[in-house]
Amino acid sequence: MKTVDFMQILKEALDFQQINFSPETNLKAIDGFDSMSIMTIIAIVDEHFSKKLTARQLASITTVGSLIELIGKEKFVD
Amino acid sequence: MKIEYYLPATVFTNQDLEKIFPKLPAAIVEEKIGIRERHISAQNETALDLAIEASKMVLEGFDKDRIDFILLCTQSPDYFLPSGSCILQDKLGLITGAGALDFNLGCSGYIYGLALAKGLLQSRIATNVLLVTAETYSKYVHPRDRANRAIFGDGAAATIIQLSDLEKIHGFELGTDGSGYGNLIVTNGALRQPYNETVKETLDENGNLYSPNHLYMNGQEIFNFTIEKVPGLIEKILKKNNFTIEEIDYFIFHQANKYMLEYLRKKIRIPSEKFHNNTLLSGNTVSSTIPIALKESMNLNIIKPGDKVLLAGFGVGYSWGATILEI
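Going down the list, the protein sequences come from chains A and B.
If you use numbering that gives the first Met the number 0, the first sequence closes out at 77, no skipped numbers anywhere.
If you use numbering that gives the first Met the number 0, the second sequence closes out at 326, no skipped numbers anywhere.
One should not assume that every hint holds.
[Stated by the list, open to error] One-sided excerpt, in silico: chain A residues whose CB lies under 8 Å from chain B:
#1 I37
#2 M38
#3 I41
[Stated by the list, open to error] Each computed EDC-like pair below joins lysine to aspartate or glutamate, with the alpha-carbon atoms no more than 20 Å apart:
#4 B:K55 x B:E3
#5 A:K50 x B:E227
#6 A:K27 x B:E204
These aren't lab readings, by the way, just hints derived from the structure by calculation.
Glycine included, C-beta positions come from ideal geometry on N, C-alpha and C.
Whole structure, please, built from the sequences with the hints as guidance.
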């Protein structure tokens, strides 16, 4: 998957359509980012990458880039 | 199978929740977690009281002297001992020749109850089993734990399972993974760690307050667990009973939360019209969500006699189980 496509999927699923996502976007700083957002991230990572993120890993997420790193950069084709 | 359920009188709405937690608008709660209201037991009303009410309802029109086994599933007992099921026998005026036992399970409790009932009936240890699930998680939740106060509701359900129901209860798949025990737990108050008045309270990153004296639930880890285990559980139970997904008329999973259920539905590819997802008016009543959903679905003619219904419970323990019932 391309990074830009992943960011689009993420943005839509999190319902943050109005925000321009880049790898530097700090997810946790977005108004409205809450525990449901984390559930959404768990679901997306499972659905698109068949990968499980532990609670500890999820707690370490800051930017979109940090989430991409957790998933594994090798899973993206850019 | 006769099913009735009882929810305590006090209704705790999202508007009530908003008064206590102004940053959590009522409409957002309903939209995000699919719950509009939940019933909360009174201070002096226990799970056993709810069990008694549900049992009285299910015994109406049934000769109660025929009940020869009582199973009570609860994690909110009146006492450490004796078993609540013994007290239930007495309060309901059931025969003293009846067997009775409590078992301590949550989300998977109804499935395990059906499995135990099937075993008792098949072996002729019993001929008419009263299976009751009863829970008051609200008594374990910290008053400032916004998330868990929104999710959990109190309630009880009572089911009579007779010998004639035996052929309608298909095979079971059960499972356990105790490594997840710490992700849904009330740590203090029993014998491993006593209740501690001076215990430290913790605010989680979403502003929910809890302590080891109260219910702790790691929603993210539980979600991970369900994604990992439930699809395989459904595959196994279908294979075990020689059914395909298409041959099942309705799916009732433990009604934990709307979002997780919808994700599981899509992952397992269950058509939405065959999938129960409704916690709107009762919240997560733990071991009673499945019997409540069964009863409601029968009341609304969503399921009819002859329908094959797949039931799956999963959660606290970790514990999980599934079976297929013919209505």
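Practice task
Mind checking the CB of A:M38 against every CB in chain B and telling me if the closest is under 8 Å?
Solution key: Status holds, d = 6 Å.
Handout entry: Restraint check for B:K55 with B:E3, where alpha carbons must lie at most 20 Å apart
Key = holds (9 Å)
Exercise for the section: Decide if the proposed pair is consistent with the structure: A:K27 and B:E204, CA atoms, cutoff 20 Å inclusive. Expected result: holds (11 Å)
Exercise for the section: Tell me if A:I41 is really an interface residue toward chain B, meaning its C-beta lies closer than 8 Å to one of theirs. Expected result: holds (5 Å)
Practice task
With a cut-off of 8 Å on the beta carbons, see whether A:I37 makes it to chain B.
Solution key: A:I37 check passes; min Cβ-Cβ to chain B is 6 Å, inside 8 Å.
Problem - Holds or violated: A:K50 to B:E227, with C-alpha atoms at most 20 Å apart - result: holds (10 Å)
The earlier numbered hints are all upheld by this structure, with none contradicted.
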